[in-house]
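> Okay, here's what each chain looks like letter by letter:
4 protein chains.
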Amino acid sequence: MDFAYDARTEELRAALDTFLRDHVYPAEPVFAEQLETTPAWERPPIVQTLKAEAKRHGLWNLFLPGENGAGLSNLQYAPLAELTGRSPDLAPEALNCAAPDTGNMELLQEFGTPEQQATWLVPLLNGTIRSAFCMTEPEVASSDATNIATSITADGDDYVIDGRKWWSTGAMAPVCELLVVMGRTNPDAAKHRQQSMVLVPRSTSGVDVRRGMRLFGYTDSAHGGHAEVVFDNVRVPKGNLIGNEGDGFAIAQARLGPGRIHHCMRLIGMAERALELMCRRAVERTPFGKPLAEQGVVQDWIAESRVRIEQLRLLVLKTAWLMDTVGNQGAHTEIQAIKIATPSSVEWIIDKAIQAHGAAGLSQDFPLASLWTAARSLRLADGPDEVHRRSLARRELRAYRKDPHAH
Amino acid sequence: MDFAYDARTEELRAALDTFLRDHVYPAEPVFAEQLETTPAWERPPIVQTLKAEAKRHGLWNLFLPGENGAGLSNLQYAPLAELTGRSPDLAPEALNCAAPDTGNMELLQEFGTPEQQATWLVPLLNGTIRSAFCMTEPEVASSDATNIATSITADGDDYVIDGRKWWSTGAMAPVCELLVVMGRTNPDAAKHRQQSMVLVPRSTSGVDVRRGMRLFGYTDSAHGGHAEVVFDNVRVPKGNLIGNEGDGFAIAQARLGPGRIHHCMRLIGMAERALELMCRRAVERTPFGKPLAEQGVVQDWIAESRVRIEQLRLLVLKTAWLMDTVGNQGAHTEIQAIKIATPSSVEWIIDKAIQAHGAAGLSQDFPLASLWTAARSLRLADGPDEVHRRSLARRELRAYRKDPHAH
Amino acid sequence: MDFAYDARTEELRAALDTFLRDHVYPAEPVFAEQLETTPAWERPPIVQTLKAEAKRHGLWNLFLPGENGAGLSNLQYAPLAELTGRSPDLAPEALNCAAPDTGNMELLQEFGTPEQQATWLVPLLNGTIRSAFCMTEPEVASSDATNIATSITADGDDYVIDGRKWWSTGAMAPVCELLVVMGRTNPDAAKHRQQSMVLVPRSTSGVDVRRGMRLFGYTDSAHGGHAEVVFDNVRVPKGNLIGNEGDGFAIAQARLGPGRIHHCMRLIGMAERALELMCRRAVERTPFGKPLAEQGVVQDWIAESRVRIEQLRLLVLKTAWLMDTVGNQGAHTEIQAIKIATPSSVEWIIDKAIQAHGAAGLSQDFPLASLWTAARSLRLADGPDEVHRRSLARRELRAYRKDPHAH
Amino acid sequence: MDFAYDARTEELRAALDTFLRDHVYPAEPVFAEQLETTPAWERPPIVQTLKAEAKRHGLWNLFLPGENGAGLSNLQYAPLAELTGRSPDLAPEALNCAAPDTGNMELLQEFGTPEQQATWLVPLLNGTIRSAFCMTEPEVASSDATNIATSITADGDDYVIDGRKWWSTGAMAPVCELLVVMGRTNPDAAKHRQQSMVLVPRSTSGVDVRRGMRLFGYTDSAHGGHAEVVFDNVRVPKGNLIGNEGDGFAIAQARLGPGRIHHCMRLIGMAERALELMCRRAVERTPFGKPLAEQGVVQDWIAESRVRIEQLRLLVLKTAWLMDTVGNQGAHTEIQAIKIATPSSVEWIIDKAIQAHGAAGLSQDFPLASLWTAARSLRLADGPDEVHRRSLARRELRAYRKDPHAH
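Protein chains in written order, with the UniProt record's numbering: chain A, 1 to 407; chain B, 1 to 407; chain C, 1 to 407; chain D, 1 to 407.
Quick caveat, the hints were computed from the structure, so don't treat them as lab data.
Each hint can be trusted.
Okay, derived cross-link-like pairs now, SDA-like style, lysine to any residue, Cα gap no bigger than 25 Å in a straight line: (1) Lys290/B x Asp188/A; (2) Lys402/B x Pro26/C; (3) Lys290/C x His405/B; (4) Lys402/D x Glu284/A; (5) Lys290/A x Arg394/B; (6) Lys402/D x Ser391/D; (7) Lys238/A x Ala189/A; (8) Lys290/B x Asp365/B; (9) Lys290/C x Glu137/D; (10) Lys402/C x Asp22/B; (11) Lys290/D x Ala399/A; (12) Lys402/C x His23/B; (13) Lys402/D x Phe366/A; (14) Lys290/B x Asp144/A; (15) Lys290/A x Phe288/C; (16) Lys290/D x Tyr400/A; (17) Lys290/C x Val140/D; (18) Lys51/C x Ala14/C; (19) Lys290/C x Glu276/C; (20) Lys402/B x Glu294/C; (21) Lys51/D x Thr119/D; (22) Lys51/D x Leu125/D; (23) Lys51/D x Pro174/D; (24) Lys290/B x Thr286/D; (25) Lys191/C x Thr286/D; (26) Lys290/A x Arg193/B; (27) Lys290/A x Asp365/A; (28) Lys290/D x Pro187/C; (29) Lys290/D x His405/A.
The following block holds chain A by itself, in its conformation from the complex (with noise of 0.2 Å):
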């Protein structure tokens, strides 16, 4: 047993806490005078320059596996998804390790045909173009994949595409040029194998990008939004199949794992981003004429942040290593373990981090109340909380089931 990171690991870490300093911390109040007067849906150009300065910095694609990206593990890329989160408008995008672009190019790269992979992973590796994953539905249970309503109707050589997504986040943008959808190809088949995946051009004829889905009043318009998307007749070449038919569900399963973990440790970053600017506060406000730092409760705050953070980030690590070491079948109840602990706790120490800056947190000038909103939207992002809390619980009660006298 060994908690120390390890050197590759140390070393990246090194650098992009300086890229971090250098550039991101700076570009941020840049962001959002740019965001004042940028058309809706597109990015403030600040973006790009980011992006162009962590490619020569190589930080780009660390999230990815495998030659195409850094080729780091889970356990050793985790580290780096954290110091991203601690700049979230900024950072992921800069290094092109923002979701849901991660998941699509991770799919294209493990299930993806050449074809495919010269036409979307290419760009989407260079970070010329983004890429949408439609597969929330508005009227089904989105935690549970297969209750996915789209049908995807081979017809000649093409599928046609029916159903309504949302949630597909990024889609608003025209930079988005591809969208992941999926939908059902088969209904008589077993449960698990009923769904398919294709590729969908957002330019395709019969997609209708109809509007964004806000999240407590934000828009996420710098990142493309949240689409409801229409697919009426939309008609693709069967070769835009991702893997075979009936694969859907597997693929969406593989997707998830890693994915978890970048959501996870981006949050633990955020946690950190808090309550740094809460201890900033602390020191510097001086209400009643006793600093903040010097008030009881104030104090438990950000003991108790430190506390939750140290535990968090333990767990999320470990969950790495987990799929690095047993695969992602094994680590399976860690990866529901740290979707139920993270976002409600980190949601817990930005709330305090609010708390501690008056008014001014609920506001735009401090990052605190849309840090709050992702925390808030993870809890239910993926399927509710209460979803795999029940999940875990049953495989908990698995062995006493069969043996109520288990130890």
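Given chain A's structure and the hints, the job is docking chains B, C and D onto it.
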């Protein structure tokens, strides 16, 4: 001891309930639609329609004691404020019972000169103009009014105002013609006699309504936003002073008690609305083959929500009764207690209603995210909860400091 | 709506408060000392002294409506029950207002025959004997009285009782001469008509008072403990039946409402006592050079305790008022709500008072650990909170099941 | 970074697990039965049997580094301490790994003279005597060792000890022959050099073991209770000093780190045991026609318990690893963090296990109430959590005090 509303209250509750069902709830989707095309900081036209309708039904200025209003006690108005909280974007304004006009009308009625009343109170009572209350400042702890730094300096027949305010709700809107400004007239006076209040027409030279503060991602545009306002050498005649020089703090305190009741009762109405939406969703939605309404965790949320609401309502009503019977001073502890108890509990309830709705609950498709933001904001408005908790504790400890063996 | 106690209540509160100060609080250390040398399951002699004193002051049987008692309404008795909770080891018994005698006297008064009343009610009213209520059974979920398995079989002029009960409070004590036993007389009747109640002298052959159940480490010896009682072919004359065969469930329900009020109000009294101790400690103790009373976290506990107590008391009082005005049935939701809200909140308050006392708070040197145990137990007594929460939620959901769009 | 236990640890874990199954769990009911008839403060005979058995299996003094013990690192011993926590009344003592002997043996091994070791360490290592640690005093805040008031005065060849201690765990038992006493030798020295530690045979004249402190009604009789001990002119030879005069504080600190690891890991073992009991109960019990295991609220408790346990264990293991690699000083924050996180979380878990058991969970029929009391006590032992939270916060804030813009 008697826990039943009196006859007049019951009659008005019934009338208001009917008005909500017949006019306000149906107007909600219209409001949302009009909002998309209404210029920033202006009211969607449906608001005007509702105001006319409410006036026609005699549901107008219910909050105001005395002849100018409905002449209700705090205890009688409180349950009506609760009902308006069920549709907080529309009902309070429709009935001309929206903050901060309510507090401004109260102080003009109680402390205004006949000239001030003719100029400002009459159009406010008629609902033809709106007003703002400029108190909180970016640089000082807003929970203590004696910290106010904006200066109001006598100069000949005028007062000259210099300072910076923010969170001046409503002030972004052109229809807001009056700013009630709290500032310091005499830095050498006793601590609570340094402040004064003056009436400043929004169009006065030197008034710079600079930007709207956001709450999470919301601008609250349809309500005139929350403005940062800079007063740079702003000159108003001395006749614009409310009461006497040095009365500012006392007037602000007088304004506070009823406002606290209104805020808390509206929050309780929001909690009822959220609970209602949660129950509806619970019976309609059947993920994983079992209605949410039969899932233990959701039942737990519903029960806890009901139990909390009942307790909160009784506490606020008792506080209103105390204010009516022994005055604001005698109700001091309770006025703090409702501020401590209500926003955080209501926030909890709305959070659970959101969770029951899945990602839809975070979006513009339900009022929940917006309701939640209102509750969250009130953990900071009027001073952070923590300040009130500390103050209430000190009062509780007072007897023991004199005699540790006090029973 | 009126939140003031009536004159009779105020008068009795004052008298009881004086009695507590003059007699009960000073008796507490005496009780603790006598306890060390009193044989197990017997009362320390000071209890008898206090009973005589209370009777002399006319503070006797206050709980009982009608001529045999003080004739108070639930709403009038509730604040007196609260005061007895301030010294729960002594005051309730001193006033002959201790459970389970209170419930047993109520049912004997309401449903007993003249013979039963002469034999059992009179000595109970005089406080010369004690009684127990044998309902809960080890093998069934005690939250549903229809689960009761103990059999009561008619045999000639007798009933024969067989079964096992536990948590029969008081039954370990010799002074407990009467067991009120709930059992099943007719397994074929409708679900709520199968049960009956019989009076069983504790000395009857076949009654085996087997052992005292402990609560955490407490035996509650001075109150006759919490007995496990085996009934093995126990024979009593048919005249010992209360009411008619099949009335058991209905009688148990009638007994429940007032008991819930008593329990909850006593808990509130315990919370007040704990808060008082916490405040005293806070002003007296100065670790690390600053009084606890000036430490933010302790202030937070004190404020939160006060705010919770005020809400709980109002909820319980409203419930008492509902029972007085519309009956137990009409107060059903509220009777559940106070069970859900009170024990857990009071437990929280006492926990904080313990924490403020350091390790002393866990020990016999303060009443806090014992008070805490009482509150913790009541999260389970009368059925776990979770059962009541589920039931309240179902009731809340009822309207929506008929019409999901109910407002 | 590697999250797997090393081979030696795995081997010992397996051996200890087998020992628990074969010997300890079966001994639990025997212990409970013997306890009823064992004289106060003496060990039930089964304890001696288990000690012999453990010795025979080589599971003896596992906690102790160096040649006298098993020579394990903190990281290696930690998971074994966890396993002993599964049966905390029996396993730690059976393995001669029970507090406070562990800490006392550590300090005798590290700081004792050959004579002291021959007289006291040898019989402690053999398990033929027990010892107590007399540090906490009734009148001072025990969380700061510099507050200690007991005086140790040099007088000729002797030290004379005067003072009052309490919570001296184990000291009520005759088998406890040694008291390690912390006191003040030089009130004029620097703050952390005033204290010294001396060895006092329990039989020394002037040692008055006055009474046992109770924890929630428990006497902990079978473990020698928690004594209040008065030292009245107690005289011991100067050779009984441990280390040098003024070393007391430093020795106490050295003793603290490993003890914290042991306590926390045992608590985690208790939490695992409680979770196990909760799961068993959940599959066995079917109130209202549905197994507890299928009720959402119970599933929620189980999932949350698992998620918390995993996080706690990782945090404690990392702390042990830090102590092994960078020393106690470098692990300071983490040693505080585990004290803050563990007792309160484990208390929560055990509380839920109790609730799932109904009233039985509060009683002597299950170990849960006793386990809960252990966890609750540890929120205060070694200083209240609040003190550690404040201290950790100050450390966190340190960097910001120097530079508010620290990242």
